[in-house]
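S.K.: Given the structure of chain Z, go ahead and fit chain U onto it with the hints provided.
2 protein chains.
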Amino acid sequence: MPDEFEVIAEMVKTAGRLPKGYSPIGDDVAVVPPRSGLVVLKTDMLVEHTDVPAGMTYRQAARKAVAMCVSDFASKGVRPDSFMVSLGLRRGADKKDVEEVALGLRDAEERWGVHLVGGDTNEAEELIVGCAMVGFAKKVIDRGGAAPADVLVVTGPFGLPPSGLRIMTAGARSEAEFARRARKSVLEPEPDLEVGAALAPYLTSAMDSSDGLARSIHTLARASGLGFVVERLPAARGVMEFAAANKLDGDKLILEGGEEYVIVGTIRAPEVQAAQRAVKKAGGELTVVGRATKQKGVTLRAGGGLRAIRDGGWTHLSGR
Amino acid sequence: MPDEFEVIAEMVKTAGRLPKGYSPIGDDVAVVPPRSGLVVLKTDMLVEHTDVPAGMTYRQAARKAVAMCVSDFASKGVRPDSFMVSLGLRRGADKKDVEEVALGLRDAEERWGVHLVGGDTNEAEELIVGCAMVGFAKKVIDRGGAAPADVLVVTGPFGLPPSGLRIMTAGARSEAEFARRARKSVLEPEPDLEVGAALAPYLTSAMDSSDGLARSIHTLARASGLGFVVERLPAARGVMEFAAANKLDGDKLILEGGEEYVIVGTIRAPEVQAAQRAVKKAGGELTVVGRATKQKGVTLRAGGGLRAIRDGGWTHLSGR
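Line by line, the protein sequences are chains Z and U.
Under our numbering, the residues of the first sequence are numbered 1 to 320, in order.
Under our numbering, the residues of the second sequence are numbered 1 to 320, in order.
The set of hints was computed from the structure by calculation and includes no laboratory data.
The structure displayed is predicted, hence computed values, not measured ones.
A portion of the hints provided could be inaccurate.
Which copy is meant is left open, because identical chains are indistinguishable; a pair holds if it fits in one copy or across any two.
Straight-line alpha carbon distances no greater than 30 Å define the calculated DSSO-like cross-link-like pairs of lysine-lysine that follow [what the hints assert, rightly or not]: (1) K13 to K138; (2) K20 to K139; (3) K280 to K13; (4) K247 to K138; (5) K138 to K20; (6) K281 to K139; (7) K13 to K139; (8) K281 to K184; (9) K96 to K252; (10) K13 to K296; (11) K294 to K252; (12) K296 to K247; (13) K252 to K184; (14) K95 to K13; (15) K280 to K95; (16) K184 to K294; (17) K294 to K139; (18) K95 to K184; (19) K247 to K184.
Next up, chain Z with everything else stripped away, as it sits in the complex (with noise of 0.2 Å):
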């Protein structure tokens, strides 16, 4: 099994290349450059047995744990800096596992633009990434600033990772194509700093959606001392095909699956149509899915009358 200073040479030669002004990574503490602006910080970590399905490998994880921080940041307008990782392997894990590990953090770096500054190697009963980014930004879009008849929209379909989740490991069916983008969705998430940049001036409050679009949207209507209908559901396409196909409740696959690491937030409405120029313009897609409203409450239109969405979703500890 390599070491700790292995494991360290391995990261630096792999994924530590740093511009002038940060410190080289293995000294006691990261030097980042001075920067103006709010600073602006994160951490999540990547578990082993809740957040990493059979099939994705540990190059996938190791991304996927960056990935989780990325969404944060998106979300918030924020373009963040800089990342620092601590590791937790398990006993036998091998050179190969290691450099997977690096692999997937370098993967994150080009993908997003963010360097790896330092981090911490230890020994556990599972492998654990856990990511604390950094950022720094004049504006910071929080939770709390919808009002009513703002409009409700989103940055991504939904319901692909979690049909993904039940194809690689509960067996589920479905034809080729949408197998593949499910699957990809689940081990290559995509929160895209782009779009999320390129929306932030429109946004009167936003949040990412990993714990799923109903969740999200309970939580924006809390913060936001409102309620939200949802107009439209934003299925991915192949989503209500894949659950009639295998008897899953497709709403509830769009609603409460998770994992979409897109971007739910309002906007006032007459600047909807500004704002979706400007996502397409970032490579993205804005769509309408409902509108805030005084009465507090998440309902969905369907069929001519409203129904309640349940605040349903991952919830970590939870036992679901």
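M.R.: Using the frame of chain Z, we list chain U on its own:
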């Protein structure tokens, strides 16, 4: 078992008071007010089966996780500002466990003047407390600045924590007053930011000593491209007697025990007395233990001769 939201509520209630300019705990990211200077980052992860000996409470474990980061900041002469915590709780964890963790984080906030600004919560196979800390500084002492004829100094005695561990977990025997001090050094590590700040202006190189005195000296030697002659082993009171009574190698306890969380550094010889006065004023004590030499290698002057000090100590993943 409390779910994620109950865990967050407990952290906010107990350890979540934040000054103006900080975002309240619980949004996707944490926001710290703008600061000037270099951005200093550190992450460290406390893992139950290697870092939490039998007899250590969850409160003490959580405090220790923060202390591990504080120690690195202290050794670099930097005052930390804020920290985030990534928590991994066992499936069976109960409300009391969460309260204990929150109290330990508050203990750390009060002891070192740092702010918990955010974190995340997970289920894991064992207790994991990842701490990610940020601070700001004009200058950060690195490991590579020592010059030949610099004096080697330490800010505390060595050997107490490894003695305490042997008393707590291996049935080693000792008289009561020593046992009390030794256990306390394990359960409540006391890295000292005041001492670090007072000493920083005099340091040419420095690091913390959590992996042991020998490891720290060898690391400074390698980073600075020189060697050290150690003239005196800085034994904590009672350690040599404890070692003798338990048929342990006292020198090894001092050199390779680890978990001391004191500063090991170098100072230009003419500045030693001024540095000692500054550290004393900050409530600490600065002890000269040797000097840097052009000749590489680390040796101990003992019995009229020199013998090599091996690069032993705690190496994560090494199986020691």
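S.K.: Run the structure past the numbered hints and jot down the numbers of the failing ones, going up.
M.R.: 3, 4, 9, 12, 15 and 16
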